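Novice: What follows is the residue order along each chain.
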Amino acid sequence: DAKTTQPPSMDCAEGRAANLPCNHSTISGNEYVYWYRQIHSQGPQYIIHGLKNNETNEMASLIITEDRKSSTLILPHATLRDTAVYYCIVRPLGSSNTGKLIFGQGTTLQVKP
Amino acid sequence: ETGVTQTPRHLVMGMTNKKSLKCEQHLGHNAMYWYKQSAKKPLELMFVYSLEERVENNSVPSRFSPECPNSSHLFLHLHTLQPEDSALYLCASSPSGSGGPLDTQYFGPGTRLTVL
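From first to last, the protein sequence lines are chains A and B. To convert, note that position 47 of the first sequence is 47 in this note's numbering; the numbers rise steadily by one, no gaps. Count along the second sequence starting at 1, add 1000, and that's the number in this note's numbering.
Since the hints were made in silico from the structure, they are not lab data. Note that this is a predicted model, so its numbers are computed, not measured. Accuracy of the hints is not assured; some may be wrong.
What the hints assert, rightly or not - Derived lysine-lysine pairs resembling DSBU-like cross-links, with alpha carbons at most 30 angstroms apart:
1. B:Lys1036 <-> B:Lys1022
2. B:Lys1036 <-> B:Lys1018
3. A:Lys69 <-> A:Lys52
4. A:Lys100 <-> B:Lys1041
5. B:Lys1040 <-> B:Lys1022
6. A:Lys100 <-> A:Lys3
7. B:Lys1018 <-> A:Lys100
8. B:Lys1019 <-> A:Lys100
9. A:Lys52 <-> A:Lys100
10. A:Lys3 <-> B:Lys1040
11. B:Lys1019 <-> A:Lys112
12. A:Lys69 <-> B:Lys1036
13. B:Lys1018 <-> A:Lys69
14. B:Lys1041 <-> B:Lys1018
15. B:Lys1041 <-> A:Lys3
16. B:Lys1040 <-> A:Lys112
17. A:Lys3 <-> B:Lys1036
18. B:Lys1041 <-> A:Lys112
19. A:Lys100 <-> B:Lys1040
20. B:Lys1019 <-> B:Lys1036
Take these sequences, add in the hints, and give me the full structure.
Specialist: As structure tokens, then:
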């Protein structure tokens, strides 16, 4: 089972920041938070991941709370092409887990003009 | 373009047919994965290969048979499928399959399979 909870859907106005929350209250100390997105009928696309520090790349920022029980993915200036299902994944690490990703239902983000 | 390609992109087959899905990665990765995404269901991991050796098989029925001849190619052989096997089949690759923080998975576009 997925170890994360996300709202099923969100809307965002084009050009505004999209803030996607994720709850992972049972996260373990060595588990990373990963974010992927899936545009309709395409393969999932890696966005960003982090352990406990905030992370930023060319696509997004990831803010992880100090207790690590929740995080927020921020798309700073959402465009219509950011409309997708966004998955927050807590990933168990180590060779015994073969790096598996356990996907939940995700958040469907609709960016509106 | 992620560097992972899948062919065909769409496939329609009867229950008695035999077909194969192909995945190729151009990223120099050593691990490859098959996932299944049924309608309105989360992605499910099917198989994991690391250095051409199968390291995980998630209780997948034997009518699905994977093959990894080298670290760049992965096949999924299909025979006597059922209509409920209709789904999007996704291939992914990662640098090592170790599960470490740098072992990010990159996905192909998927094959949309319809079983009649």
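Novice: Would you list, in rising numerical order, the hints stated earlier that this structure does not obey?
Specialist: 11, 13
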